[in-house]
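Enquirer: Modelling step: build the complete structure from the supplied sequences, incorporating the hints.
If you're matching them up, the sequences are chains A and B in order. Quick note: the first sequence uses the working numbering, first residue 622, plus one each step. Quick note: the second sequence uses the working numbering, first residue 5, plus one each step.
Mixed in with the good hints there might be a few duds.
Taking beta-carbon pairs under 10 Å as the criterion, some of the chain A residues facing chain B (in silico) [stated by the list, open to error]:
1. I674
2. V675
3. I843
4. R845
5. M854
6. P937
7. Q971
8. V973
9. V986
Calculated from the structure, these hints are not laboratory results. Virtual Cβ for every residue (Gly too), placed ideally from N, Cα, C.
Next come the chains, spelled out residue by residue.
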Amino acid sequence: MATPDVVLDPARAPAREPEPSVTAREQRIFVASQWQLMWWRFRRHRVAVASAIVVAGFYLVVLGADFLAYADPNASEAQRSLMPPQRVYWFDGWRFSPHVHGFKGARDPQTFKRVYVADPTQKVRLRFFAEGFEYYFLGLIPTNRHLIGVDPGLDAAKTIFLLGTDVQGRDLWSRLMFATRISLTIGLLGVAVSLVLGVILGGISGFYGGMADTVIQRVIEILRSIPTIPLWMGLAAALPREWSVLQVYFAITVIISLLGWTELARVVRGRFLAMREEDFVVSARLVGCSQMRTIFVHMVPSFMSHIIAATTLALPAMIISETALSFLGLGLRPPAISWGVLLQQAQNVQTVAISPWLMLPAVPVILAVMAFNFLGDGLRDAADPYSR
Amino acid sequence: MLTYIGRRAVLALFTVWAISVLAFVIIQLPPGDYVTSYIAQMASMGSVVTDEEAQNLRIQYGLGQPMYVQYLKWMRQIVQGNFGMSMEWQRPVTEVIGERLWLTVALSVAALILTWTLALPIGIYSAVRQYSVGDYLATFVGFIGLAVPNFLLALVILYLGFVLFNAHIGGLFSPEMQDAPWSAAKVWDLLTHLPIPALILGLAGTAQQIRIMRANLLDELRKPYVVTARSKGLSEARVIVKYPVRVALNPFASTIGYTLPYIVSGSIIVSLVLGLPTVGPLLLKALIAQDMFLAGTIVLLLGVMTVVGTLVSDILLVWIDPRIRLEET
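Expert: Take a look at the structure:
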């Protein structure tokens, strides 16, 4: 999949703040470090800053998924299959007391569809830091506290389903939290693998040039002219059915990054080419630095920011790839939970028409893709603080 | 110019070869082969396949031989126009794929044409009327187009069609035309059904092209020759279309090579969601059943189709851009 590649302009819009005396301002710029200049440039890109906050929020969910979830994501219950999202009532009379209404399940005598009727007489209070299933917070601290929950010991009819339930009666909100963890880390891991491939191959291509460059560039051209989804489908379908969730997880990561490194390699190569003849690189070579030292001590730090930007821009494609593969049933498979796995339930129009909330996992996908794109754009603009 | 096209053609041949190897390797990767899954399928229906029968099946399909022998056999047959038998359908692969391939081509080309016809005027408008309401609107729709994966878009449109109009939007033909023989009426039916899937497929590409066109044209519009043209008294439309748009078109055209694989890729998954009779649903089924000749042929044909499309676009690019022509000769 081609990485959506967009140039944003807001950073180039003239700054509106009243300018302090020019000399003082210039002085500040003259003594600022490179990273400081980048930060100033990045800060002017409002959308990118907002996106950075959204991305940070997403990764907080990744870290605290089990704290934010209030139900075991795999606990199924036929009695509450396909429950619609519950409405939260924030006030009881004038008192702040968030609660939801209990429900009664029944069968529609005509269609035999299960319908749920809210029962306003039953008020299920929401408790903060309530007790629920046991887990290790951040993988370290054993606890059973969750951000929200209900009083323990209530019967099954008195629980909360903020976003409804799926066919098997599993709570969608809690599943979404865990899916976010899987989907975002798989993107991150995939990018990491692509980055290693991209930096090594792009580096060889740009630093040595000649024959190696030609071969690598042709390979990239070939890879980029192949439609990726059929290839991914083929590779993913080849994974043995009996593999564990973890094995499939890593295999999918590798499959996605095998074709995803080309753009990163292109950026790295471009940087190496631009820098090879720079004075400081030539002088490093002339004073007798080893090749390794020239590359890693002198060259890499000066295009680190470009690599970070390119990596951020590569993430959305990774996330979409995983979601698409899992959606087709070729990527992660239940009991693994990812955005794609959740969306698999929404494959059928009839199901979606009756239970539209099953499409909700599309929202974080779109939000994450947008946030990473804007953030990447902002970082790319900031990566070159000396350019105008 | 000829050397350039020649070099492109050689690269295209290499790409086709690489795709054929990849396609073949992928299909060989799953543990077990068609016979294993055939035995499992038979067992689930209650019948037993004896070892002897299994052995015969393996010999019949040449499954026991070394990998490269199987590959060469496969390639030799393909060169002769024989794509082998689909093991699951018990019919020649060409027959199973049949018109599905042409429908895939039709869908991809429609998406590509739509991408261009939308992106070009909108991109020009966005640049000429920078920061206008229309520009912001185009930018906004563009970002939505980029951020929403096309299969999700298909799902949402399908859902909206179902809820708002109570109509099933999927499919490339009306029910009564489904099995009808090809006629002018059927072609018309296809043409009326193509725009929605083509739009879904092309939206991400369109968004990207609009941004590229806008950025290129903005760079050009600031150049002195535009002022000169204007001060000469040319009409505004002429000033813009005659010079800057022509220059801005070149980088715009060169991205077509990356747009096409993306569209073909997307057509597979969008077809699955919308239930379009393209090769997409067939590929998924073939992969799950390990029907190797069928799956291999589909991956190969899709790849070849993309490479040919890219080659054509490269040649077109040389034709419109004199700078490449001069450089390479």
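Enquirer: Now tell me, hint by hint, if it's right for this structure.
Expert: Hints, one by one, checked against the model:
With its C-beta approaching chain B no nearer than about 17 Å, A/I674 sits outside the 10 Å limit, and its interface hint is violated. Taking 10 Å as the C-beta cut-off, the interface hint given for A/V675 is violated, the closest approach to chain B being about 12 Å. Here the hint on A/I843 is kept, as its CB sits about 5 Å from the closest CB of chain B, short of 10 Å. Given the 10 Å rule on beta carbons, the hint for A/R845 holds: about 6 Å separates it from the nearest Cβ of chain B.
Using the Cβ-Cβ criterion of 10 Å, the hint placing A/M854 at the interface with chain B is satisfied: the shortest such distance is roughly 6 Å. With 10 Å as the threshold, the beta carbon of A/P937 comes within range of chain B, its nearest partner Cβ sitting at about 8 Å, so the hint holds. At about 8 Å, the closest approach between the beta carbon of A/Q971 and any beta carbon in chain B falls short of 10 Å, and the interface hint on this residue holds. Here the hint on A/V973 is kept, as its CB sits about 5 Å from the closest CB of chain B, short of 10 Å.
Satisfaction of the interface hint for A/V986 is found here, the shortest Cβ-Cβ separation to chain B being roughly 7 Å, below the 10 Å cut-off.
Of the numbered hints stated above, those contradicted by the structure are hints 1, 2, listed in ascending order.
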